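Start from the sequences, fold in the hints, and give me the full structure.
4 protein chains.
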Amino acid sequence: MVNIKRIGVFTSGGDAPGMNACIRAVVRTALYEKLSVTGIYQGYQGMLDGNFTEMTSRSVSNIIQLGGTILKTARCLEFKTKEGRAKAYENVKAAGIDALVAIGGDGTFTGADFFSKEYDIPVICIPGTIDNDLYGSDFTLGYDTATNTVIEAIDKIRDTAASHERLFFIEVMGRDSGCIALNAGIAGGAEAILLPEKETAIDELIAHLSAADGRGKKSSSIVIVAEGDQNGGAYNVAKKVKEKFDYYDTKVSILGHLQRGGSPSSFDRVLASRLGFAAVKELLKGNNRMTVGVRGNEVVTTPLEEAINNKEYKLSSDMLELVQVLAI
Amino acid sequence: MVNIKRIGVFTSGGDAPGMNACIRAVVRTALYEKLSVTGIYQGYQGMLDGNFTEMTSRSVSNIIQLGGTILKTARCLEFKTKEGRAKAYENVKAAGIDALVAIGGDGTFTGADFFSKEYDIPVICIPGTIDNDLYGSDFTLGYDTATNTVIEAIDKIRDTAASHERLFFIEVMGRDSGCIALNAGIAGGAEAILLPEKETAIDELIAHLSAADGRGKKSSSIVIVAEGDQNGGAYNVAKKVKEKFDYYDTKVSILGHLQRGGSPSSFDRVLASRLGFAAVKELLKGNNRMTVGVRGNEVVTTPLEEAINNKEYKLSSDMLELVQVLAI
Amino acid sequence: MVNIKRIGVFTSGGDAPGMNACIRAVVRTALYEKLSVTGIYQGYQGMLDGNFTEMTSRSVSNIIQLGGTILKTARCLEFKTKEGRAKAYENVKAAGIDALVAIGGDGTFTGADFFSKEYDIPVICIPGTIDNDLYGSDFTLGYDTATNTVIEAIDKIRDTAASHERLFFIEVMGRDSGCIALNAGIAGGAEAILLPEKETAIDELIAHLSAADGRGKKSSSIVIVAEGDQNGGAYNVAKKVKEKFDYYDTKVSILGHLQRGGSPSSFDRVLASRLGFAAVKELLKGNNRMTVGVRGNEVVTTPLEEAINNKEYKLSSDMLELVQVLAI
Amino acid sequence: MVNIKRIGVFTSGGDAPGMNACIRAVVRTALYEKLSVTGIYQGYQGMLDGNFTEMTSRSVSNIIQLGGTILKTARCLEFKTKEGRAKAYENVKAAGIDALVAIGGDGTFTGADFFSKEYDIPVICIPGTIDNDLYGSDFTLGYDTATNTVIEAIDKIRDTAASHERLFFIEVMGRDSGCIALNAGIAGGAEAILLPEKETAIDELIAHLSAADGRGKKSSSIVIVAEGDQNGGAYNVAKKVKEKFDYYDTKVSILGHLQRGGSPSSFDRVLASRLGFAAVKELLKGNNRMTVGVRGNEVVTTPLEEAINNKEYKLSSDMLELVQVLAI
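Protein chains in written order, with full-length UniProt numbering: chain Z, 1 to 328; chain P, 1 to 328; chain C, 1 to 328; chain W, 1 to 328.
Okay, the calculated bits of chain W under chain C, using three or more residues with CB under 8 Å as the criterion:
1) 70-81
2) 143-157
3) 162-170
4) 260-274
Don't read these hints as lab results, they were simulated from the structure. Fair warning: this is a prediction, and the values are worked out from it, not measured in the lab. Where a beta carbon is used, it is the ideal one built from N, C-alpha and C, also for glycine.
Quick look at the structure:
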């Protein structure tokens, strides 16, 4: 077991609200425990470039409420090569970093697993992605904030939809995971929700919308489309619906990257603080290649390999059923 | 001069936040003055259909904070015909409506002018459109709220833009008017703003972005594109920039109709209340074919014909200059 | 087992964001299952007064995003008497109500338990209170929204605190439960948090603030005080601190009832929808005197008596520790 | 006329949202014009202490959206003495500052006027205060944001007020100026508004509330009380009302300093950018002892002495009347 004196912390992959709150917790917990902390910019790219900075308590003052990540993030193909990782390790060693805390998604976890095994350096991973599709935690950092951002947009669109009797298709993030779409769709009172995990036939969708129409609800129909839906996104769904269902004026809205930003919700800030704190504690206990997460109200750990090799879709069966029921 | 006992109120054209606050002010001011009020649904379409409702103080309770319009709105081609207006007049007469308050934009004003002249019915118009492009008022209902909606989106996108060193193109509403684009662009700290009123050469834009890059500002460049920009919208601008300027990862965001919704800002609610109040007062003074608006802190009136035949772009020259200056 | 044809739904006790989303889910699930639904106004008071309304799908349109409760709520001493409950039962029977769904807190649950036992009427309870202090669910309706409301206030106060080097005491709701204070305090980056569950000596608080001061953090110190803190609320804490610790300009803010309002967060809307759906399903399964709640991502039930007789404080030990650690 | 090479910029008095956007505009405009800029911390106190910093384009990156002021602010009694100003001038001279831009309220303007006359140093003042009570501008920095903050609080409180049939008294900022109270009260749909500028007899208030009650509106009465109201603030008004008008449960909310914080609205950011830009331009034109402000859509200047010696209450007579009318 390594005697840890300095940890390195970085964010990698897509940024997510709460990453700054998490960096703050990692840094302050480490300092409290008399460790030093190196901030690594731009994830694995920064390891390769030796793009490091010393973190003090002041470095993380007044960042808990900020979206994005002060350590920035990047994609890094070179780290996928043996040579890349060798270069990274040299920089890490030269900086005196004994252990790592990695905040990110699937790709981040995989990179950390490789690196830790190859160079025998302890690493704890924290699930940070708005998609909420990682195994080992009920929630990932940023998911709650992103869902709130989406429902604010839906609430606004419903105002104008209701004033005009229009049919709106709103595309939200989620290439493989329908978590944001399903939750924001339920929370936004959407008439229908199209998910990557479940094929939705256009005819079925039209039948559903027509039925709602028949019940006199036509004035504010909103359909949420996850970007990974099998019909090819909101523009395509709208086009196909329009070909067969002429009644409405239809409009499409692509929320895009604004879903990644914004001040984190209370839920995400608390989650980030707890997981950052727990990650440092796990390192100090001598643990390695673990993820930290929450189950119910408790912080839990999962072996990194298990987290990587399993998928956990958080689409409970009651939620899929209630979409149908509540849209009546 | 008609002895007014009952007024009709309607919203027409694109909906805008603040319309409900304005309806409330018209209704309550009229009731206070012992007039009766008929709510006309869906603008001119509702006149044609006789789609009317009696308005009481209760009808407008708890709506001041709601986006959209409880009276709904629609486009109506039939009202542009002589026959259409004749049918509308019959319904209006049958309902005992002596005078009208119309809330909307250019098209609404033109329809009201025709109708009032043809059937000698008093009408006062209130400028309601997020575009802020009407003559006769410093501000139109909904513009302030829409601009705040846009800067919230920009603020969110800047979080993620800054975390990734990306170039973002954000398309905002404004087919003929750059008012939202210019104000939200300045307020959002955008690097560049493309307006319908002003041709922007792509080469110039690239030169500007490269210069900013050279000054080390590349990490969070945001370009606002009004939908009516002469380069053809944000997707086209992004494509053209990308062909010549390879450095960045670029992303496009189309805010779309969420700009029309949302709870109105304090500014819009106060403006709506003042103008609704003033419209009824003008009718009672015996005025006809006027618009009400604000200049500085004062409510003013403008003859309807003058409002229709003039354009008022609120792009002060200092603002165009300061876009260049502040982006350094 | 009763053959249920009509259910009654009501909200009781303090209102909480998400109650409307929950009413909507109860109504629509019941209608979907071919049941009729009676809305009971003002909780137990409405039962006594026979203040009922027929609920249709339309009754609950466009309410998912609204704070408060469309069925209103009230305190009702008379229902605590045998005579009061007899009168209530007569009204309930006369209205053909076979079963009840009650949304509220501790007092609501106790009333429902009594009533159900006395008159053998099935009842399912849904935990709705911003305090998050009910047994049987990780979260109660409204708690997440209230916590977000508090951190928005903290974020705003931090702006001005930082500009002036001031010490702020912010009082938040929580007579017996420190759940909002602890979570919002962590999420808001507070220097110290005073909870009802834990005595905090003023000297200790001052020592803690002085230490932070010594580390150069004095510019933005914020102390969160739950209203049930044993020092007697924020004004008293501020006064006692001021007597001994003269350095700062101190200000007190009492957030008060704005913590109960606002559009519910996505989390609360989804929770409300799931629990309303589940409550009706439980009634249809023939269950009685249960609460519905969530544990992790799953909906669970708890016998009503167990829920009433147990307390569940959701203050995890790691969270109490990290308040100390993160404030360095 | 001085040949200006370096300007000093500072914020003074109470902080207001938009001050950072204004500092950014001053700095970037000056740099664009090839001037150097010194940031002076904590207003006049920083002049006395020589608490200065060099401002670059980077110093003001990513601050346009932040509440508070990065230059901080303070009250400074010593600057009111001749000796204090002498010391301040020495520091200013030593730092090579040729001219000043001061952002603040009445006290800030008065100090600037004295200093400029005594030491013949050019100064331009920018009205920054949430109270909107300065002569020479339709709007002051921060007022629009503060008003929006207040209506968000009112909207939240109305949710819970409506659910319980309660009477709420909300105290808002404004010791001498009822501008926030009047505008937020109208925008929030308040039943009554108590202003410093106008005595309101408690009996009259009760009569007004009773009348509303008689019209069946009792369920959501909200009374806005400016802190400078002559009845002594919301607690006192509530107490006096309660003594005579027993029907309601009454609650008091003191919003306090959260009204000073928060991300500035689009209106305030644009206003701040324009005035910061204009202030530097005025200095370059050789002007001195002026304020910059807006009238309608145009930037205007006013001699500093005139601004100091006049009061401008922005309570239009139509607004005072419509409070009565709209509360029916």
